[in-house]
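Sequences are here, hints too, so could you generate the full structure?
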Amino acid sequence: MDRAHAIHLLSRTSFYAHTDRVDQIAAMDAEEALTELVDNAAAPEIEEINFRNVYQRSEYEDFNDMLTREMRRLLSPASGLRDRMLWFWHGLLTSAFSKAELPALVWRQHRLIARHAMGNFRTLIEEFTIDPAILIYLDGNYSIASDPNENYSREVKELFTLGRGHYTEQDVKNGAKALAGWYVDGFPEREGQRFDPNRIKAEFLEEWAFKGSLEYLGETLEFDGSREQHKKIIDRILALEPKPGFFPSAEYIVTKLYQYFIHPVVDEASVARLAALFKAEQYEIKPVLKALFRNRNFFASRHSRVRFPLENLLSIASSLSARLTDFDFETYFHETGQVPFDPPNVAGWPVTRPANQRWASSSHTLSRARLGLVAYDLSTRNAVIRAISQSSDPVLETLRWTLLTDVSEKTMTELRNAANRIRERRFRARTLLALAIASPEFALA
Amino acid sequence: MKDSKSKTISRRSFIKIGGFSVALVVASNPLMKAFARPDPSGPRRLLILEQNGGNDGINTVIPYSSEGYRIYEEIRRQMALPYGDLLNLENGWAFHPSLQQLALRFKAEEVAVIRNIGLKDPHRSNLSHFDMMEKWRAGNPNGFSQTFGKGWAGRIVESLATTSPIAALSLSTGVSPMLLDTEQAASATSSATGMLDIPEEIHDAFREAMRRMAEDESGLPAALAAARRGLRGASNLSDFLLNVPDGTSEESETARLGQYAANIFNFNDWVRVIHLPLSLEHDTHIRHLPTQAYNLSELDKGITAFFDTLKPEVAADTIVATMSEFGRRVEPNGEGGEDPNQMGTDHGTANTLFFVGRRVKGGLYGEDPDLKGLDPDGNLKASDNFMRVEASIAAFMGIDPEEIGLGSETFDAFRPST
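These protein sequence lines are chains A and B, in that order.
Going by our numbering, the first residue of the first sequence is number 1, and it counts up by one from there.
Going by our numbering, the first residue of the second sequence is number 1001, and it counts up by one from there.
Quick caveat, the hints were computed from the structure, so don't treat them as lab data.
Heads up, some of the hints might be wrong.
For each label pair, taking beta carbons as the anchor points, the in silico distance ranges come out as [to be verified]:
#1 A/MET28 with B/TYR1294: 55 to 61 Å
#2 B/GLU1215 with A/GLU281: 45 to 51 Å
#3 B/THR1248 with A/THR325: 30 to 36 Å
#4 B/GLU1250 with A/GLU330: 19 to 25 Å
#5 B/THR1248 with A/THR35: 55 to 61 Å
Where is the CB? At the ideal position from N, CA and C, for every residue including glycine.
Written out as C-alpha cells, the structure is:
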C-alpha cells in the first residue's frame, strides 16, 4: 500500500496517528491490513474502576479522572479500530453525564458499549436499553405502563435504530408502555448519605410493567410483564421490513457507519449493499466494517469530511508524542462542544454533512490553532522537533510527522515562506508545526 | 468571493412552500442589494434566543379569565401554575411568575406575544426535536433539502448585502444551521475564543500565513471550502472580539451572555444577527415545574441584561426574538405520580414565542391556543406556520420575506423607527 493510502486508512480507523504506524501499514497490502485491523481487533479493555463513593471528592473531579484515564488509553499505541467503534457508538447511543450524574454509571455504560463495540448490534442495543445511565438519561427510570414516559420509546426509534418515517405516534405511545417497569435502585435515601455506587442497578417491577397485547410497528405483540420484554420491542424494530428486502434498521446503522468512515454524503447503492450484508450477517458489525474499507469510495474520500475536536486533539498529541498534560484538554473539549461522555443533546455528535461542516466553524478553527501553539511550545528535546530541525527539507518533514499529504498550493506556499524566513532551525521547526496544524487541510480527515 | 457551489445554481430557483411557488434567492446574488429596502434609521439588529428542547408555551403564557383558567387547570392538573402566582397582563392572559421583568416590558408595550405557532398541516408537523429544528432553521416545512442547504437567518444576512466580514455570530460551539454555509457567519463562545495568544516573535507572520491559507478559491471540495471559511472567520474574529468586553454577570449565565451580545452590538455595526442558544434543559419529560421556572427566570434575566447593556441608540433598532422547535404535550405524562415537582410532559406542537424591543408593537398576536380542540395525539393545533414568525423578522430587518423563501404572511408587530 502506498503511504497516502496508509495515512488515510490509519486516520479514519484509529485515533493514534504516529508516523511509525503509517510505515507499518504501508508495508502491508490492503487485505493484510484489513485482517490486522478488523479480524485481529478484540473488544477494548476498559478497566473496572472502584467508585467506592462518588462523593469522596466531587463528582466533577471523579468525572475528570475518568476522562483523563480514557484519553490516556486512546493515546496509547494499542489504540485502534475498536476504540474508534467505541466512540462511534458514543456519538450515536448517547447518555450525558450532566443528566446521568454519577460517573460510576457513565463508566459502567462505557464498559457495556466497549464489550459490544465490534460485536453484535442486537445484543448491544438490547443491553443498552436497560442500562442504568440510559434509564436515567431518557427517563425510563420510574416509567409506569399505565401512564408511561415517551422519551426513550421515541428516541430508540428515531435516533438509535430506525430514523424518522418508519413509525407512528401510536408506536411511540405503545412502545413506551411495553418498555415501562424499570427503575434505578441503590441511590441514597437522603442527600449527603454515603452509598456504594458500584451497587446501583436497574431493577424491574412486574406490577409497573405492561401485560396484554399491543399494536407495534404493524404487528400485534403479546406482553406478559416479564423483565425480558424490551427484547420483543428490539426484535420487532430490527425485523421491520416495510418493503421486501428493505430493513430500515440495517440501513440506518450502515448509513451512520458510511458517514463516519467514508463520506458525509452517502452513496445510496453502497448503503443498500452494506445494509443487506448487515442483515444477512444478523447484525454482526465486523463484516460490515470490512466491506466499508473495501468500498470503492473509501480511498477516494481523503479530506472529504471535517475532523471532530476529539480527533484533532488525539491526532496532534499522538503524532507529536506530546504528553496529555501539555494540553488543557478539558477547556478544549468544553469550548468545542465535544466533551466525551457528555454530548450536547440526545442526537449525540451527528455525522451528517451539516453537522460535520459545523466542526469547521471559526470557533473550532481558533481552538485548533491554539492546539498548534501548544505544539509550538513543545520542548526542543521532543523527537519530532529534533527531526524537523535536522531535516534538509523541514517542510516535507513537518508534513510527514503531521500525516498531511496533498496539501493545497496555498498551504504549501505559506509553509515554504515560513521555512525560508526563519533561520534558527528549532524555532523554524516549531513554527512549521504550529502552521501545519492551523492549516485548513489539518482540519480534514 | 463566495462559495463556488452557489455560482452553479441559477440565481432564482423556484421552490414549493405549502403549495405556493415562491422564489428563493440564492446567496451571492448580485441582485440582492435591490431587495434590501432603503434603511432610513440605523442598522437593524436581531438577537435570537433559542430554547432548544421545546419550551412549554402553555405554562409560559397562561389563560387568566376565570373560564380560561378553569379549562387550563382541569387539563394540566397538578402541573397547572397557581392562579395567585401568575403575572396578570390585563388582557385575559398572564405570564409565568418567572417572567417578572418581561411582564413590565409588556406593560410598556414592548413585547409581542406570538401564540399558537407551529405547522398548520398535521402531515408536515411531527414530534421529533431534530426534524422540527431542521424545519425551523431551514425556514421551510421540508427542511434544508428545499433551501440549497441555506438557513433562514443566513438568507437574511446575505440579503443585507453588508460588507462586514462578520455579519452574523453564533454565541455557541459552532455556527448554527440557521446560518449554515453563510460566508459572513462565525461562531464564538466568549471573547476568550477570539484570543489567539500567538508568541510575539511569530505573531505577525503567523497571522499573515493564517489569512493567506484561508483565501477562497473556486472549485474547492466542500469540506476544504468549509475549513478555509472557518479559518477566514477565525482571522476576522480574533481581531474583532479581542476588543469586545465579556459580560460580567456572576449571578446568571444567560444574563452574562446577554450582556456580551449587547457589547458586540454596541462595539460597531459589523454584527447584525446574533444567535444565542440557551444552555438550559427545556426537554422536560420529568421535573417540569422547577426546571421551567428556572429556565424562564434565566430567559427573563438574559433579556433584561441585554437591553440594560445596549446603548440607547442601538436599542432603538434592535429586537430580541425567542424560538423553540415545539411546545409540550397539553396533559402531563405519568412521571412522578402525584408529586407536582416530579411531573413531566412529553413533546408537543404549537408554541408561544416573543418579540421584544422598542420597535415592537406590544400585544398578543396569533390565535388563542385551544386547550379543548386537540389533535388525536393530545396536542394543540397550530394556527400559524413558523415561517410567519421568520418572515416577520425578515421584514423587520428590511428584507422582503417572499424573496428569501419565507412566504408573504407576516405579523404586523413592529413600529416604524422613532
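Comparing the hints with the structure gives:
1. A/MET28 with B/TYR1294: 55 to 61 Å: Since the Cβ atoms of A/MET28 and B/TYR1294 sit about 57 Å apart, the hinted range of 55 to 61 Å holds.
2. B/GLU1215 with A/GLU281: 45 to 51 Å: Given about 48 Å between the Cβ atoms, the range holds.
3. B/THR1248 with A/THR325: 30 to 36 Å: 32 Å, holds
4. B/GLU1250 with A/GLU330: 19 to 25 Å: Given about 21 Å between the Cβ atoms, the range holds.
5. B/THR1248 with A/THR35: 55 to 61 Å: Given range 55 to 61 Å: holds, Cβ gap about 59 Å.
Figure legend: structure checked against the earlier numbered hints; every hint is met.
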